[in-house]
Amino acid sequence: MSTLEIKDLQVSVETEDGPKEILKGVTLTINSGETHAIMGPNGSGKSTLAYSIAGHPKYSITGGTVTLDGEDVLEMSVDERAKAGLFLAMQYPVEVPGVSVANFLRTAKTALDGEAPKLRTWVKDVNGAMDKMHLDPSFSQRSVNEGFSGGEKKRHEIAQLDILDPAFALLDEIDSGLDIDALKVVSEGINDFRAREAKSVLLITHYTRILRYVKPDQVHVFVAGRIAESGGPELAEELEANGYEKYVAAGV
Amino acid sequence: MTAAVQEALELGKVESHLHPEGSFDVEAHEVPKGREEIWRFTPLKRLHDIHDDAPFADGATKVEVEAAEGVTVETVAADDDVRGLSGLVPTDRVSARAWAASTGATVVRIPTDTVVEGATVIRHHGTGSATAGAGHAVIVAEKFAKATVVLVFEGSAVVADNIEIVVEDGADLTVVSVQDWADDAVHLSTQHAKVGRDANLKHVSVSFGGDVVRHDFSAEYAGPGGSVESLGLYFADAGQHIEHRLFVDHTAPKTKSNVVYKGALQGEKAHAVWIGNVLIRKEAEGIETYEENRNLILTDGAWADSVPNLEIETGEIEGAGHASAIGRFDDEQLFYLQSRSISETEAKRLVVHGFFNDLIRQIGVPELEEKLTGTVEAELAKNINTLITKDNA
Numbered sequence: 001m002s003t004l005e006i007k008d009l010q011v012s013v014e015t016e017d018g019p020k021e022i023l024k025g026v027t028l029t030i031n032s033g034e035t036h037a038i039m040g041p042n043g044s045g046k047s048t049l050a051y052s053i054a055g056h057p058k059y060s061i062t063g064g065t066v067t068l069d070g071e072d073v074l075e076m077s078v079d080e081r082a083k084a085g086l087f088l089a090m091q092y093p094v095e096v097p098g099v100s101v102a103n104f105l106r107t108a109k110t111a112l113d114g115e116a117p118k119l120r121t122w123v124k125d126v127n128g129a130m131d132k133m134h135l136d137p138s139f140s141q142r143s144v145n146e147g148f149s150g151g152e153k154k155r156h157e158i159a160q161l162d163i164l165d166p167a168f169a170l171l172d173e174i175d176s177g178l179d180i181d182a183l184k185v186v187s188e189g190i191n192d193f194r195a196r197e198a199k200s201v202l203l204i205t206h207y208t209r210i211l212r213y214v215k216p217d218q219v220h221v222f223v224a225g226r227i228a229e230s231g232g233p234e235l236a237e238e239l240e241a242n243g244y245e246k247y248v249a250a251g252v
Numbered sequence: 001m002t003a004a005v006q007e008a009l010e011l012g013k014v015e016s017h018l019h020p021e022g023s024f025d026v027e028a029h030e031v032p033k034g035r036e037e038i039w040r041f042t043p044l045k046r047l048h049d050i051h052d053d054a055p056f057a058d059g060a061t062k063v064e065v066e067a068a069e070g071v072t073v074e075t076v077a078a079d080d081d082v083r084g085l086s087g088l089v090p091t092d093r094v095s096a097r098a099w100a101a102s103t104g105a106t107v108v109r110i111p112t113d114t115v116v117e118g119a120t121v122i123r124h125h126g127t128g129s130a131t132a133g134a135g136h137a138v139i140v141a142e143k144f145a146k147a148t149v150v151l152v153f154e155g156s157a158v159v160a161d162n163i164e165i166v167v168e169d170g171a172d173l174t175v176v177s178v179q180d181w182a183d184d185a186v187h188l189s190t191q192h193a194k195v196g197r198d199a200n201l202k203h204v205s206v207s208f209g210g211d212v213v214r215h216d217f218s219a220e221y222a223g224p225g226g227s228v229e230s231l232g233l234y235f236a237d238a239g240q241h242i243e244h245r246l247f248v249d250h251t252a253p254k255t256k257s258n259v260v261y262k263g264a265l266q267g268e269k270a271h272a273v274w275i276g277n278v279l280i281r282k283e284a285e286g287i288e289t290y291e292e293n294r295n296l297i298l299t300d301g302a303w304a305d306s307v308p309n310l311e312i313e314t315g316e317i318e319g320a321g322h323a324s325a326i327g328r329f330d331d332e333q334l335f336y337l338q339s340r341s342i343s344e345t346e347a348k349r350l351v352v353h354g355f356f357n358d359l360i361r362q363i364g365v366p367e368l369e370e371k372l373t374g375t376v377e378a379e380l381a382k383n384i385n386t387l388i389t390k391d392n393a
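First to last, the sequence lines map onto chains A and B. Going by UniProt numbering, the first sequence opens with residue 1, and the numbers climb by one from there. Going by UniProt numbering, the second sequence opens with residue 1, and the numbers climb by one from there.
Don't take each hint at face value.
Ranges between beta-carbon positions, derived for each pair [stated by the list, open to error]:
#: 1; chain 1: B; residue 1: 303; chain 2: A; residue 2: 57; range: 22 to 28 Å
#: 2; chain 1: A; residue 1: 122; chain 2: B; residue 2: 303; range: 40 to 46 Å
#: 3; chain 1: B; residue 1: 303; chain 2: A; residue 2: 131; range: 44 to 50 Å
#: 4; chain 1: A; residue 1: 57; chain 2: B; residue 2: 35; range: 39 to 45 Å
Source of the hints: derived by calculation from the structure; they are not laboratory data. Ideal Cβ placement from N, Cα and C applies to all residues, glycine included.
The shape of chain A in the complex, shown without the other chains:
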C-alpha cells in the first residue's frame, strides 16, 4: 500500500529574466491502485509536475509538500525517490552513448535491490519484457536510447517499467509520437503493470487517444500551473469534444 500526496506544490525554474513560477499550488492525492490522468494544453505545467516529483535539478520547489506514505519525497535525492518506488517515463528519453541497454538495466536493478539480479531469471525477465514491447532481443546490446526511433524509446521506457516494477509510475506523454500500433503495445504494457497488485499510475497526456486503451479512475484538467477541474473518465470525453478552450479562457 502506498499513497502519493501532493499538497499545494509550487515550483519555479530559473530563466534569463529570473525565476519563473510554473506550478502555482497543485494538490493531488493518488491512492494505491489508482490511475489518474492529467490532461492539459502545452505549457500548462503538467510535465513540470512529473519532473518535480522525480527530482529534476532544473526545478526549484518554492512551496508545498510531496509525500509518499508520509515520507518527504522532496528531501530525497533522485535515486532515493526511485528506490522509494517512483518511476518516471520520459517524453524524451535521454541517450547514453556507449552504455548498453543490458548494462543499464542490470545496474539499475542492482541499485534498486541492493544486490545483483540472479542471472538465469534475469535474462529471461529482460527478454520477456522486450518481447512484450515488440523489441528485438538484440536491442539489449544497443546503447541506451541512441539511434532509437521515437516509438522504440517509448517502448523501451515501458519495458523498464515492467522490469523495475515500481509502486508509482509517472508517465509523461508516453503516447506522443506513437502510431496506433505502437500506442496499443504501450497501452497493453501499462495495463499489464496496472493489473499487478497496488500499482498506481499518473498518466500525463495532451490527447485523449490513449485513454481509450488505458482507463483512468480520475481525470484532472491542468491549466496555467493548477488543476482547473477534476472528474471521472467522462471528463476526458468532454475534453475530446470541446477541447481546452473554456479552461484556457478562464485561466487568463
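Assemble the complex: chain A is given as a structure, and chain B must be docked to it using the hints.
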C-alpha cells in the same frame, strides 16, 4: 632531370603554419621560449631541459620485445639507412635533438604478404634514471602485410623519441602507443607515418600516466587510396599535462583520414591539449577527412584546449569535417540514470565508461580492450572521493 619533371614529381611547397620546414640540424631549431605556436601549450619548465640542451644517455628505459610469429625485431646502428624511411624530418628542437642523440634504432619489420596473428609488443620500462633518453624506432609493414604493433611505456623516465611508421602498398598496420607512465615521467614523442597506395594504418595513442606527455603524430601518403585512422584516448589527472598534436597531410588523391580523440580530465590542474591539423593539398582530389576531439571534464580545476584546423587547397574532395567539444557531465543523462535508482557516483561512472567504450571497441586489439576498460575504472577509482563529495554537496 628537367625542371618540369622535377616539378611533376615533387609536391608543391605549402606556405602554412600547419606545415613548418623540418631540419635534422638541431641548431636550425631555436630553443623554444613558450610563445611559439607549437610550444605555447606545453609547460617547458617541466621538460627537464630536453627542449634546450640537457644531455641524453642510454639506459633511461629498458626495452623488452615480444615479437609475434613472422615479425622481425632488431636493433641497428644510428647510421643505418632505415632511419628516415618514413620521410620524417624533425620540425621541432626536441625531435631533432632526439634524432641526433639516439645511438641506434629498433626496427620492426613485417615481411611482404605476411599476415601476423596476435600483437608484437615492445615494452619500454623507465628505469628512473636522472638522465634523459633518446629513442628511435622504425616500423615497416611491407607490401600486403598485416600486423599489430603495440608500444608500451611505463615506469619513470624522461624520454624524447622519434617513431617512424612505413606502411607499404596494400599493407594493413595497427600501431598502438600506450603511455602508462609513472607520475613523474616526461615523454615527448614524434611519430610519423608514410602510408602507401591502398594501404591502411590504424594509429592509436593511449595516455594515462606521466607528468608531461606530448605526442605529435603526423601522416602523409605515398600513393592514392591510402587510409589513416587515428584514435586517441587519454585520462589526465591532477597536475598532469597530456598533449596531442595531429597532422594529416593529404599528399595524394583518393586518400582518407579519420581522427577521433577522446579524453577525460579530473583534478586540480589536469590539462589536456589537442591540436588537430589537416592539410588537403592541391593534388589531393577526392579525399575524405574527418577529425573529432571530445573532452569530458569530471571535476573543477581541470581544463582542456582543443583546436581543430583544416586547410583546403582543393575543392574537389569527397568530404571534410571536424568537431571539437569540451564538456562536463550532462545533467539530463545523470538525471535519467538516477531516476532509475542509480546513484550519482555510479551514474557518472557509467557515463565515462560509455564515453570511452565506443572508442575502445574501435581499437580492435582484443588483448588491449579489457585492459583499457580496467584502466579507465582504476582512473575513476582515484577520483571516487571527489565524486562522492560532490554527491553530498
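List of violated hint numbers, smallest to largest
Checked against the structure, no hint fails, so every one of them is satisfied.
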